[in-house]
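From just these sequences and the hints, can you work out the full model?
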Amino acid sequence: MRPPSVPRIGPVRHAGLLRAALALALIVQLCGLVAATPREPPTPTVPVAAALPSAPEPAGRFRWPVDGPPRPVRRFDPPPRPWLPGHRGVDLAAPAGTVIRSAGPGTVLFAGLVAGRPVITVGHSDGLRTTHEPVRPAVRPGQQVTAGTPLGELLPGHPGCPAAACLHWGLRRGTDYLDPLALLGLGPVRLLPVNGAGPPLPVHGAARKVSAGRAAPAVARPAARTRRRCCRPDR
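So the sequence shown is numbered by full-length UniProt numbering: it starts at 1 and just counts up by one.
In case anyone wonders, no lab produced these hints; they're calculated from the structure.
Hints may contain errors.
Taking CB as the label site, the calculated pair distances span [unchecked claim]:
hint: 1; residue 1: PHE110; residue 2: ARG63; range: 27 to 33 Å
hint: 2; residue 1: GLY112; residue 2: PRO159; range: 15 to 21 Å
hint: 3; residue 1: PRO95; residue 2: ARG117; range: 15 to 21 Å
For each residue, glycine too, the CB sits at the ideal point set by N, CA and C.
Next comes the structure, spelled out in structure tokens:
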């Protein structure tokens with residue numbers, strides 16, 4: 001009895017099986033390499049916070065109340081005693097009709113007549129108040145202003161002004177009269193000639209702008225004292 005014959009595999013089928021076996025071995029090898037390769041740790045994700053609104057810029061930047069080069073013609077000259085006469089501000093010469101601007105951010109506290117003169121008062125931080133006269137108001141009390149906001153137009157006829165028109169610019173904290181130039185970080189100024197001829201004279205001091213907190217009361221001058229002479233009787 002003859003044993004059963006084993007079917008022979010044709011050359012074409014044998015080549016196909018060989019290619020399949022090689023492909024399978026290659027796949028297994030690649031999978032092993034991938035499994036053996038160390039994986040990099042995942043990049044941690046950081047939650048991004050929403051953009052917060054920027055904080056408001058600190059108030060305290062002051063400027064001249066008139067445009068262009070300042071023309072000071074009368075300086076701050078406080079009296080030695082509150083009840084005595086003096087000059088409680090700075091006079092700036094300017095043409096009538098000049099736009100007067102707020103020196104810094106604040107609130108209009110008053111806009112009207114004081115002793116027949118039109119006055120505008122602006123309240124600032126640290127209890128400071130700037131006054132402007134004689135100015136025809138273009139603002140109303142309670143109005144918020146910034147540095148450079150138009151307050152009104154300059155009128156002629158300020159008493160004691162050597163020019164045709166002057167802005168009397170004052171500064172107060174409570175009942176204390178201060179030098180408004182302290183808002184600008186300026187020291188003593190050179191005054192213009194009475195006739196206003198020639199360009200504005202240079203202003204002493206650094207032209208930097210400072211916080212309102214830098215304004216300080218002017219030092220009151222001591223009152224003049226007189227000494228009584230001692231008279232000896234004639235011998």
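Query - Structure versus earlier hints, numbers of those that do not hold, lowest first - result: 1
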